[in-house]
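Asks: Spelled out, the chains give:
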Amino acid sequence: MTAILTRPATTAERAPRPSVAARRTFVGVMRGEWIKLLSLRSTWWVLGSTAAVMALIAIGVAASLDSLMGNPMTSQGLGDLNGAALISTGFQIGMVTIAVLGALVITGEYATGMVRSTFAAVPTRVPVLAAKAIALVVLTTAVAVIGIALSYLVTIGKLSQYDLVPSLGSAETWRIFAGTAYCLVAAALFSLGLGALLRSTAATVTASLTVLLLLPSILGFINIHWVQTVVRYLPLPASQGFLPAGDPNQNLGSGLTATTGLLVIAAYAIVPLVCAAFVVRRRDA
Amino acid sequence: MIEAQSLTKRYGDKVAVDDISFTIPPGTVTGFLGPNGAGKSTTMRLIMGLDRATSGSVTVNGKPYALHRSPLSEVGALLDAKAVHPGRSARSHLRTMAATHGISTRRVDEVIDMTGLSTVATKRVGAFSLGMGQRLGIASAMLGDPRTLILDEPVNGLDPEGVLWVRHLVRQLAEEGRTVFLSSHLMSEMAQTADQLLVIGRGKILTAGPVQEVIDSVSGTTVRVRSPQATELARLVSGNGVTVTSPEAGTIDLRGTTAEAVGEAAAAHGIVLHELSQQRASLEEAYMSLTQDSVEYRSDVAHTNLSPHTNPSSRPNQKEENS
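Line by line, the protein sequences are chains D and H.
Under this note's numbering, the first residue of the first sequence carries the number -16, and numbering increases by one thereafter.
Under this note's numbering, the first residue of the second sequence carries the number 223, and numbering increases by one thereafter.
If you are wondering where the hints come from, they were derived from the structure by calculation, not from laboratory data.
Some clues are possibly wrong.
Residues from chain D that face chain H, not an exhaustive set, calculated with beta carbons under 7 Å [unchecked claim]: (1) -12; (2) 2; (3) 3; (4) 6; (5) 11; (6) 19; (7) 22; (8) 100; (9) 102; (10) 103; (11) 106; (12) 260; (13) 264.
In this text, all values refer to a predicted model and were calculated from it rather than measured experimentally.
Positions of the beta carbon are idealized from the N, C-alpha and C atoms, including for glycine.
Use the sequences and the hints to build the structure in full.
Replies: As structure tokens, this is what we get:
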């Protein structure tokens, strides 16, 4: 049936003009996402632990130098190494915490129902995803800088004993630091994209960490040609195209060129996000 | 103004909203009534563009919600008091919403004051009671000073003072010429707050119209007579579409006639009356009779077997409406 409800005769024929100035803009959506991120304690915990973990791993690696240098098997390789690679070894574990942040930024909204408020305010939805991605890039870059700076400062004493302090005047040093930050940002975006697709925090974190960290070492044992090809294009091995392994014992070298490595990592960051943009628009919130 | 045209939503095999059309005019409070699972929340989500209609369309103030350039100025919605991240403070939550539309922090503080949340605005929402959560939901609905308000169970969890406040607020908003569409399980609340009703059951509109009309159309009016000669009077007036029931000796309830007709018949035959009154059914009675066939999750108390051998499937199944 069609229900036409009538307006009572007593009511004036006036639709009030909203007295509150309001206009949805992308800058506004960005600000909204920024406030969202900074107003949650979990954000600060994750960012703090990322920087802390990176520094702690760097301390651990630096502390191992005594035994590594004493061993002729490894001392040779270390001598050729840029100290920057040693300092930024911790980024692999930093990827874990930063991937959790990337996931939570979107799955936290689905888990709490916040996403309905978000999509009611921004019914076109895709700007929300874009704003989240930009906010994540900014925060992750900032925490990568802090993490690397911290790692540099806490290891400088030990590294100087072996003349491994990276020269801040060397392009190679900055290439490694930038590459480290690049990987962290990509991990955050990869997780955000997956999170928007999967919506569940547990599923997203599991899937994300499996691809980012676990698969290369697990599949490394399977000596089948095509599996090994897949492994070369997984994020961590691909990153070795532009980041020399900090630990010479760990050889994940993929044989990819630096450019290919950068492109592969970019694909991990972008492809899930683009898929999510299509899916999020059409799906029930 | 909210206009739905043949709006339909299916989730898999289940039809949640089944080809409904309605127009909610501005300047009124329209109550949306229906049992759990009737499709109220789904309809509201479809209006807000949160769920996509399987077919049909719904517009708010002339456009699908998602096409408005400033959605929060058009529609304020309380869809679910829990649509908030519990780790954020009430004020931060409102600021995130306000920021998307460039709404000033002054307005944020205004709606906090308006909803009586000033003392808890900096507390984390996770620690809020249901009632405070509802107030926060209403605060976020009011942020953009919208022309249309959609409130799903706004008085749920509020204390009596809060219920009264919501009632005054929605009346005032409608008097300002806004469209107010609210759902509630509390029929007595609807009777006092709403101008008109849209009653839904199993995804279909059962009836719609001004509150009193809905009640009358469903239950009709009953004339109650107490008389020492009740049996004689019953014989006189019965038939011709008039039905007689007798709740107790000496009392009869007549349907399908008026108090005037009964009084005249009694006078003409010299029958003594001790009481002659028109009984109006309550909204609650009307609602029960309207929706009795469309209750999705019936709790059949009479058939509940509480012995230890109870088959679990025969237990009353009182699910909360999917939110």
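Asks: Evaluate each hint against the coordinates.
Replies: Now the hints, each set against the structure:
1. Using the Cβ-Cβ criterion of 7 Å, the hint placing residue -12(D) at the interface with chain H is satisfied: the shortest such distance is roughly 5 Å.
2. The interface hint given for residue 2(D) holds, since its Cβ lies 5 Å from the closest Cβ of chain H, which is under the 7 Å cut-off.
3. With a least beta-carbon distance of about 4 Å to chain H, the hint placing residue 3(D) at the interface is held under the 7 Å criterion.
4. Interface restraint check: residue 6(D) against chain H, minimum CB-CB distance 5 Å, threshold 7 Å, status holds.
5. About 5 Å separates the beta-carbon of residue 11(D) from the nearest beta-carbon of chain H, less than 7 Å, and the hint is met.
6. Hint status for residue 19(D): holds, given a least beta-carbon distance of 5 Å to chain H, under 7 Å.
7. Nearest Cβ of chain H to the Cβ of residue 22(D): about 4 Å, under the 7 Å cut. The hint holds.
8. Interface restraint check: residue 100(D) against chain H, minimum CB-CB distance 5 Å, threshold 7 Å, status holds.
9. Hint on residue 102(D) holds. Least Cβ distance to chain H is approximately 6 Å, under the 7 Å limit.
10. Annotation: residue 103(D) was flagged as interfacial toward chain H, and the flag holds, the nearest CB pair being 5 Å apart, inside 7 Å.
11. A cut of 7 Å between beta carbons decides the hint on residue 106(D): the least distance to chain H is about 4 Å, and the hint holds.
12. Given the 7 Å rule on beta carbons, the hint for residue 260(D) is violated: about 15 Å separates it from the nearest Cβ of chain H.
13. Hint status for residue 264(D) relative to chain H: violated, with the closest Cβ pair at about 10 Å, above 7 Å.
Checked against the numbered hints above, the structure breaks hints 12 and 13 and satisfies the rest.
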